[in-house]
Structure formats: structure tokens, C-alpha cells
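J.: Here is what each chain is made of, one letter per residue.
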Amino acid sequence: MSDAAAPAQPPDRRGLWRRIRGTQGRNLWFAAFVAPFFLGLVVFVYVPILWSAVLSFFEARNTVTPTKFVGFGNYAYLLQDRLFLNSLVVFIAFAVFIVPLTYVCSLGLALLLDKITIGRAFFRSVFFIPTAVSYVIAAIIWRFGFFNGARFGLLNSFLRSLGLEQPINWLGGGNNLYWVALVSARLWLQVGFYMILFIAGLNKIPVETYEAAALDGASGWRLLRWITLPQLKATSVAVIMLLLINAFQAFDEFYNMLGSIGQYPPYGRPPLVHLYLIALGGGQQDLGVGGAGTMILTSIIVVFGVAQNWILNRGGKA
Amino acid sequence: MNISRRSLLLAGGSLAAAATLAACGSNNPLASGTPSEAKPSGATSPNASAPAGGGDVTLQQWYHEYGEAGVKEAVEKYAAAYTAAKVEVKWTPGDYGSILAAQLLTTDVPDVFEVEQGGSLDMIRSGQLADLTDIMAPVKDQFNPAVMKRFTFEDKVHGIPQTIDMQLLYYRPSLLQKAGVEPPKTFADLVKVADAVKSADIGGFFAGNDGGLGVLGTILIWASGNEQLTEDRSAVAFLNDNFYNALTAYRDFYKSAGLLQAASAEWYDGAAFVNGETAMQWGGLWSLPDIQKAWGDDVGVLPFPAIGAGGRPAVPFGAFGACVAAKGKNVDASKEFVKWLWIDQDEDQVDFSNSYGTHIPAKTALVAKADKLAAGPGKDAADFVSNHGFANDIMWSGAMGDAYNAAVSNVIKDGKDPKAEFAAFEATAKTELAKLAG
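Respectively, the protein sequence lines represent chains A and B.
With the UniProt record's numbering as the guide, the letters of the first sequence map in order to residues 1 to 318.
With the UniProt record's numbering as the guide, the letters of the second sequence map in order to residues 1 to 438.
Quick caveat, the hints were computed from the structure, so don't treat them as lab data.
Treat the hints with caution; some may be incorrect.
As a list, the in silico DSS-like pairs of lysine-lysine whose alpha-carbon atoms are at most 25 Å apart [what the hints assert, rightly or not]:
hint	chain 1	residue 1	chain 2	residue 2
1	B	419	A	68
2	B	430	B	419
3	B	435	A	68
A short list of chain A residues far from chain B (calculated; beta carbon distances all over 10 Å) [stated by the list, open to error]:
hint	residue
4	94
5	201
6	313
Pulled from the structure, derived: some chain B residues nowhere near chain A, Cβ distances all over 12 Å [said to hold, decoys possible]:
hint	residue
7	69
8	74
9	131
10	135
11	137
12	142
13	215
14	227
15	368
Ideal placement from N, C-alpha and C gives every residue a C-beta, glycine not left out.
With the hints as extra help, turn the sequences into a complete structure.
T.: Shown next as C-alpha cells:
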């Protein structure tokens with residue numbers, strides 16, 4: 001029977017709608033559940049980011065609908081601001097300390113806890129619990145407990161028991177000892193989280209790989225160097241990226257450890273603290289300069305992220 | 001009853017939709033209802049007092065959270081006594097300045113609110129504050145002149161001073177006497193006295209865990225005999241040898257043993273002085289009750305002493321001003337209310353300043369009625385504001401203040417050259433002043 005003999009069928013107008021709906025209306029249900037969150041993302045994340053970019057080209061003091069266009073004036077203002085440029089240096093110094101240190105400590109803890117058989121759950125919990133602590137609370141404990149510069153501060157009392165009579169002003173500047181407080185607080189808060197990521201990565205490495213390497217005579221450092229670390233490459237890339245972004249976003253512990261009412265010293269000032277002070281400090285709202293600052297920071301994070309991804313993936317895909 | 005998956009999803013979806021619609025009712029996280037709507041009986045939020053008083057208009061009045069017990073109840077009592085309108089008091093804990101600034105960008109603004117120093121230049125320029133000159137003009141002379149000078153910009157007033165707070169130097173006369181020294185009259189005296197009274201157990205002078213730079217930085221301008229800005233506010237007015245010498249004098253003091261570099265609390269808390277960690281402390285008048293409770297009559301107060309030959313004593317003061325939202329729905333009724341409360345009600349103004357901590361009434365005639373200021377340190381403090389009181393210029397913006405503090409810190413802590421550091425500051429200030437001038 002030829003096709004020409006077949007009667008002409010009317011177009012199935014319900015076909016498209018059926019495809020959109022999906023089997024048992026699954027597509028519609030998917031849209032119904034996802035739409036609120038997608039809308040929230042658009043309204044509370046993407047629109048503010050875009051509006052911030054728009055504001056960065058205007059003089060926007062105490063207004064979100066400015067009229068005075070200043071082009072790249074706000075960008076030029078920030079890039080000539082010594083304190084803002086210094087804050088970028090502070091970030092780099094902080095990242096240079098905190099990223100490798102957290103990486104090594106969390107990987108080390110993960111390797112230790114991966115091997116032990118007794119009390120594994122207990123120790124995992126002990127190291128992970130600080131992740132749940134607020135940065136603000138941790139900063140206050142560090143500032144007024146451990147690193148209190150008074151004679152009876154915890155560390156000063158300990159040092160006095162060792163014979164050091166003159167109390168150390170840990171956070172007061174004039175020395176670089178405030179870095180000890182800042183880095184130790186962040187280490188305490190973050191190491192547990194990244195340790196869990198590494199433990200998950202370690203669990204994915206097949207035991208057979210180690211067994212085969214052991215049969216070839218590998219052990220100890222050689223197993224770590226040639227089996228564990230390469231197998232953890234994907235996890236490492238993610239961890240380093242997260243650590244770097246987190247370092248850029250440093251605010252709470254810096255602000256609460258070094259700041260006072262309406263004041264913040266010029267040292268130990270990361271970019272977000274500086275932008276907060278000049279854009280929102282003291283109830284003022286210079287949203288144009290604030291917007292320009294966030295755009296500059298976003299660009300830097302993107303550049304670092306792309307560069308890191310390129311460097312770590314040069315040897316092939318993770 | 002059988003519950004199908006579909007009916008459960010339908011019920012859940014309906015609840016979510018209802019919650020979403022309810023959330024759209026107000027964009028103010030602190031609001032308990034729209035200002036002009038009558039509330040159902042008992043429908044009050046934890047932070048909101050029930051509307052009180054009479055009249056057809058409902059006003060929203062915002063306060064920041066005061067530290068002293070009883071202030072919230074007192075301001076609610078004042079609001080309840082007003083009969084020409086209903087007044088809802090909003091008590092705002094946390095970062096009041098940021099919350100208020102964000103709220104004023106919306107269309108749902110509070111009718112009446114406190115603002116530090118009667119309003120910032122940005123608030124005035126962007127038209128957020130109603131002009132109160134007409135209600136202040138007849139009574140302007142009744143208020144502390146130093147405060148009114150700060151509250152006046154281009155001959156207009158946008159806030160009514162509520163009460164005055166100030167900073168001052170506390171000392172223990174008995175400790176000074178024991179060391180054989182007199183209370184310091186000059187900065188050079190302060191250095192000598194601090195050195196004389198310090199011991200292994202007690203520091204000489206304390207002004208914060210940053211060595212006092214944060215709180216004393218700006219005072220160095222006034223105490224060295226200078227002003228922040230020129231008369232026409234087009235440039236900074238203190239970059240001279242007197243100021244540079246003041247910086248180097250403080251740098252020497254910072255390195256000496258007489259300055260207590262760190263204590264159990266910051267300068268704005270009287271704890272270090274109360275705990276006996278220091279013989280002298282820079283602090284706030286608000287700490288006076290705690291300090292007198294600890295040391296009784298063994299407490300003296302001083303302004304920050306003059307530095308150098310051209311110097312003068314100085315104390316910084318601050319005052320919250322009651323402001324009216326220019327974009328509010330009831331501007332005239334709000335102006336009537338703030339006039340009633342902060343100009344006409346003398347008794348409430350004395351109560352507000354005197355009954356909860358120690359503060360100075362903004363109207364000079366009322367100072368005599370505040371018993372905590374009748375004698376001793378309280379009286380001295382009130383006199384300091386009149387005779388030696390200074391406040392940041394309205395064009396001394398946050399960005400400029402931040403750059404200034406950084407330069408002071410670099411000179412005193414890092415030993416950098418004052419002229420070079422402040423040349424950079426001057427460039428920043430020039431840009432900022434040009435932007436502020438509009």
C-alpha cells in the first residue's frame with residue numbers, strides 16, 4: 001500500500017502540549033517546584049548583581065536610582081585609594097597563609113582519620129563541629145579570650161607563667177602578631193569541613209589500586225605521592241578553589257577581631273572590610289563606590305579562578 | 001482518612017502560596033504593620049509597642065537600642081502621652097544606622113526617627129529629612145550652642161537634639177596624690193602623670209586596645225588648636241606644624257610605658273577603670289554611674305589636655321537628633337509631634353537625660369534640673385561640652401575619617417613621616433570634599 005493512498009491525518013494539536021507536560025505531567029511538576037527557587041535566585045542574586053554593576057557607573061549616595069553618570073569615576077577613585085590597594089595586598093598575604101595551610105592540615109587530618117579504626121567517628125565529629133560555629137562568635141572568643149592583650153588574657157597568662165612579664169598586645173598592631181589570631185581562628189573554623197571533603201575523596205579511591213601498588217613494593221610516602229594525591233586531584237581542585245574564594249570573602253573574623261565602634265585600623269584590612277567601611281560605614285550609603293568595588297573584586301576572583309583551573313588542569317583532566 | 005500524594009501536594013502548595021502572599025505584606029523586617037493601618041487588637045510584634053494616644057493619624061517613631069535599662073519603657077510612655085496622634089515606637093536593636101539608611105531608600109519610611117548629629121550630609125542632600133527650621137528657629141537659642149552649630153547646615157536645621165553624650169578623661173585622685181602628681185593640664189603633664197602612677201599592677205593611661213588611636217585621633221586636631229575644615233569647607237585646615245608636633249608627641253607617648261596598650265575591655269566600656277587596670281582612662285560620660293559605683297568620690301574628670309603652645313582642651317560630643325522623614329505620609333503631624341516631645345516637654349527631656357545613665361539635656365536651662373549633673377564629675381562634664389566641646393564637621397565624611405585614621409595610625413604605630421602621610425590624606429580629602437560639595 002502506497003503512502004499516497006493513506007488518508008490525510010489532522011495535525012495533532014495536543015502533541016506539543018503533551019511533550020511540554022511530559023509523562024504524567026512531570027515537566028510541569030518539575031517547573032512548579034523549581035520556579036520559586038529560580039525566581040528567588042533571579043530576584044535576590046542576579047538582579048542585585050546587575051544593579052550593582054549599573055550603580056558602579058553612577059554617583060549613588062543614599063539612592064538606588066541615581067541620575068548622575070560618572071562613567072569609570074568610581075573605579076578610578078578606588079584604584080587610586082591606597083587603603084583599597086593595601087587591602088588587596090592583605091588578601092594576598094592572607095591567602096598565601098591560609099590556603100596552603102588549610103589544605104595541608106585538612107588533608108593531613110583526613111589521612112590520619114582514614115587509617116585509625118578506634119574512635120574514628122568521635123574524632124571526625126571533634127574536628128568538624130567548629131564548622132558549625134559562627135565566625136563572629138569565634139572572633140569574639142579569640143579576641144577577648146585567647147588573644148586579649150591584657151595581663152590576664154589567656155595567652156598572656158600562659159606566657160607570664162613561662163617568665164615573660166610584659167604582656168603582648170596581640171591585636172593592637174605595631175607588630176604582625178594579629179596574623180596569628182586571624183589565621184588560627186580561620187583554621188579552627190574551616191579545617192573540619194575540608195577534612196570531610198578529603199575523606200569523601202579518599203573513600204572513592206579503589207582499594208585495589210593500593211594493593212597493586214603494594215605488590216610492586218610501594219609504601220608510605222610513595223603511595224601518597226603516586227596514588228593518593230593524583231587520585232585526589234579533583235577534590236584538591238575544588239578545595240583550593242573554595243579556599244581561595246573564601247579567603248577573598250574574609251570579613252567577619254577580621255571585622256570583629258580588629259575593629260572597634262566605627263573604627264578599623266589600616267592594617268589587617270581585607271577588601272570586603274574596606275568596601276564596607278567606605279560604602280556603608282557610619283550609616284552612610286555610597287552605593288556607587290561600593291558597586292565598583294564589588295565588580296573589581298568579582299573580576300579578580302574570576303581571574304584567579306580561571307588561572308587556577310588552567311594551572312591545575314595542565315597535566316590533563318582531573 | 002486517606003491522603004493522596006496529589007492532595008498533599010495541593011495542600012502544601014496552597015500553604016506556600018499563602019505564606020508568599022503574606023510575606024508580600026511588608027518589606028520592612030522590623031515593621032509590625034503599615035503605619036497608617038489600624039492594627040487588630042493584640043496584633044503587636046515583640047519590638048513594637050501598641051499604638052497609644054488619640055487622633056486619626058498613626059506615626060511610626062524609630063529609636064536605636066539604648067544600653068541603659070528603662071529607656072524603652074520611658075520612650076513608650078512619652079509616646080503614649082501624646083494625644084494628637086497615635087505613636088508606634090519601634091525599638092531597633094543591632095546596626096541601627098544601616099537599617100535606617102536602607103529603610104529610608106524605600107517608600108515605607110518611618111515618620112520620626114533618631115539620627116546621629118541631626119542627619120548626615122547625604123541624607124540632607126538626597127532629601128530624606130524634612131526641614132525643621134520653622135519649628136526650631138524660635139527656640140534655637142535655648143539649646144546648647146555647640147550642638148546647634150553642628151545641627152545647622154546652610155542655615156537649616158533637620159533634627160532636634162534629644163540629649164548630649166560626650167567623652168572625657170577619668171582619673172583616680174587618690175592614686176595621683178599617692179604618686180605626688182597633680183591632675184594633668186597639658187598633654188606633657190599627662191605623659192608625666194601616666195608615667196608616675198603606673199606600676200606593675202596598674203597602667204597609667206588607657207584609651208583603647210589600639211593604643212587610643214581610634215578614639216583620640218580626631219581629638220589631636222582640636223587639642224592642637226586646629227579645626228577640621230576651613231570656614232568655607234573647601235579644604236582641610238589642620239595640616240601645620242602644631243598638628244604634626246601633636247602627632248609626634250603622641251607617638252612618643254605611645255611608645256612609653258605610661259600608656260596601657262591593652263585592657264580587658266575597650267575605651268567605651270568603663271570596665272578597665274572599674275577593675276583597677278588603669279589609673280586614668282579616656283571614656284564616655286555614660287560610664288559615670290558604673291565608675292562612681294566602683295570608686296565613690298575617688299573619681300575626677302578632665303577634658304583631653306591641650307597639646308603644644310597653640311593647643312586647647314577638647315572633648316568630643318555627640319547628640320542624636322529627632323528627625324522627620326520628608327517622604328513620610330504625615331510630615332506635618334510628625335513635626336507637631338517632635339516639637340511637642342523634644343521642644344515643649346521639658347520634664348520628659350530631663351527624665352530622658354537623667355534617669356537612665358548620665359547624659360546632658362540638650363537645652364541648657366534643663367542642665368540645672370538634672371541632679372546627676374548638679375555637682376562633682378557630672379557638673380564638670382556638662383561644663384566641658386559648653387567650653388571645650390567639638391564635633392566632626394558635617395562634611396567630615398566616613399571615607400575621609402577612615403583615611404585620616406589610617407594616616408594617624410601609620411605615623412604613630414609605624415613611625416612614618418607625618419607630612420608625607422598627610423599629603424596623601426589631603427589628596428583624598430580634596431577629592432571627597434569636591435564630591436560632597438556637589
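J.: Does each hint hold? Answer for all of them.
T.: Status of each hint after checking the structure:
For a cut-off of 25 Å, the pair hint linking residue 419(B) to residue 68(A) is broken: about 35 Å separates their Cα positions. A C-alpha spacing of about 16 Å is found between residue 430(B) and residue 419(B), which places the hinted pair at or below 25 Å, so the restraint holds. Between residue 435(B) and residue 68(A) the alpha-carbon distance is near 12 Å, which keeps this suggested pair within the 25 Å criterion. At roughly 18 Å from the closest C-beta of chain B, the C-beta of residue 94(A) stays outside 10 Å, upholding its exclusion from the interface.
Every beta carbon of chain B lies more than 10 Å from that of residue 201(A), the smallest distance being close to 37 Å; the non-interface claim holds. Even its closest Cβ contact with chain B, about 41 Å, leaves residue 313(A) beyond 10 Å, as expected for a residue assigned away from the interface. Consistency note on residue 69(B): stated as away from chain A, and its beta-carbon is indeed over 12 Å from all of that chain's, at 21 Å minimum. Against chain A, the non-interface label of residue 74(B) holds: every CB pair exceeds 12 Å, the least being about 24 Å.
With a minimum CB-CB distance of about 17 Å to chain A, residue 131(B) clears the 12 Å threshold, and the non-interface call stands. With a least beta-carbon separation of about 24 Å from chain A, residue 135(B) lies farther than 12 Å from that chain, consistent with its non-interface assignment. Against the 12 Å criterion, residue 137(B) stays outside the reach of chain A, whose nearest CB is about 26 Å from its own CB. The beta carbon of residue 142(B) is kept farther than 12 Å from every beta carbon of chain A, the shortest such distance being approximately 28 Å.
Its closest Cβ contact with chain A, about 7 Å, brings residue 215(B) to no more than 12 Å, contrary to its assignment away from the interface. For residue 227(B), the non-interface assignment is confirmed: its Cβ lies about 20 Å from the closest Cβ of chain A, beyond the 12 Å cut-off. For residue 368(B), the condition that its CB be more than 12 Å from all CB atoms of chain A holds, with the nearest at approximately 31 Å.
The structure is inconsistent with the numbered hints 1, 13, although it conforms to all the rest.
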